[in-house]
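K.L.:
Sequence:
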Amino acid sequence: MGINIKDLSFIYPGSEKKALKNINLNISDGEFCCILGKNLAGKSTLCYTITGFIPHFFKGKIEGKVLIDDLDTTDLPLHKIVTKVGFVLQNPFNQLSGSKFTVFEELAFSLENLGIFRNEMIERVEEILKKLKIYDLKHRSPYELSGVNSRWLQ
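Just so you know, we're using our numbering here: the sequence shown kicks off at 13 and counts up by one.
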């Protein structure tokens, strides 16, 4: 299963140039993938198609297929896709919610959006803080962290 991309092309509204052109890619279940490239190479656009933000949020002309566990992302609602895939942006501060006051709350934010029960959410966040060795930062503002420590919040 995993992620299968077949002949994917995408054009943003108001543009004639393809941001993605005939992309084919297979990412196995459980595999981590790093997408590298020059500015404007289409890295973010590719990530947006994998996570379903294209076509559900960002509009444009899309061709080809993006399948997650053999399900077409154009047919899957976003709340189903985000339980299966995610991506980390280059700048960690671009990925903060902006609505939370502490590291703990920021880490819990995505779990809240997935409807995880409060007790389980607290357990998961506590475990993450310990694994990342940032437990002592849990009451700090995410905006006060160094670049290295802020990466852990992604």
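Keep in mind that a hint or two might mislead.
What the hints assert, rightly or not - Under the rule of at most 27 Å between Cα atoms (straight-line distance), these lysine-lysine pairs were calculated in the BS3-like manner:
hint, residue 1, residue 2
1, K96, K143
2, K96, K77
3, K50, K71
4, K92, K18
5, K73, K96
6, K73, K30
7, K55, K71
8, K18, K33
9, K55, K30
10, K77, K143
11, K55, K77
12, K29, K77
13, K50, K77
14, K18, K143
15, K73, K145
By construction, these hints were calculated from the structure, which means they are not laboratory data.
K.L.:
Hints first: check each against the structure and report whether it holds.
P.N.:
Evaluation of the provided hints:
{"no.": "1", "hint": "K96 <-> K143", "verdict": "holds, 22 Å"}
{"no.": "2", "hint": "K96 <-> K77", "verdict": "holds, 17 Å"}
{"no.": "3", "hint": "K50 <-> K71", "verdict": "holds, 23 Å"}
{"no.": "4", "hint": "K92 <-> K18", "verdict": "holds, 21 Å"}
{"no.": "5", "hint": "K73 <-> K96", "verdict": "holds, 24 Å"}
{"no.": "6", "hint": "K73 <-> K30", "verdict": "holds, 9 Å"}
{"no.": "7", "hint": "K55 <-> K71", "verdict": "holds, 17 Å"}
{"no.": "8", "hint": "K18 <-> K33", "verdict": "holds, 11 Å"}
{"no.": "9", "hint": "K55 <-> K30", "verdict": "holds, 13 Å"}
{"no.": "10", "hint": "K77 <-> K143", "verdict": "violated, 37 Å"}
{"no.": "11", "hint": "K55 <-> K77", "verdict": "holds, 17 Å"}
{"no.": "12", "hint": "K29 <-> K77", "verdict": "holds, 19 Å"}
{"no.": "13", "hint": "K50 <-> K77", "verdict": "holds, 24 Å"}
{"no.": "14", "hint": "K18 <-> K143", "verdict": "violated, 37 Å"}
{"no.": "15", "hint": "K73 <-> K145", "verdict": "violated, 44 Å"}
In this structure, the hints that do not hold are numbers 10, 14 and 15, in rising order.
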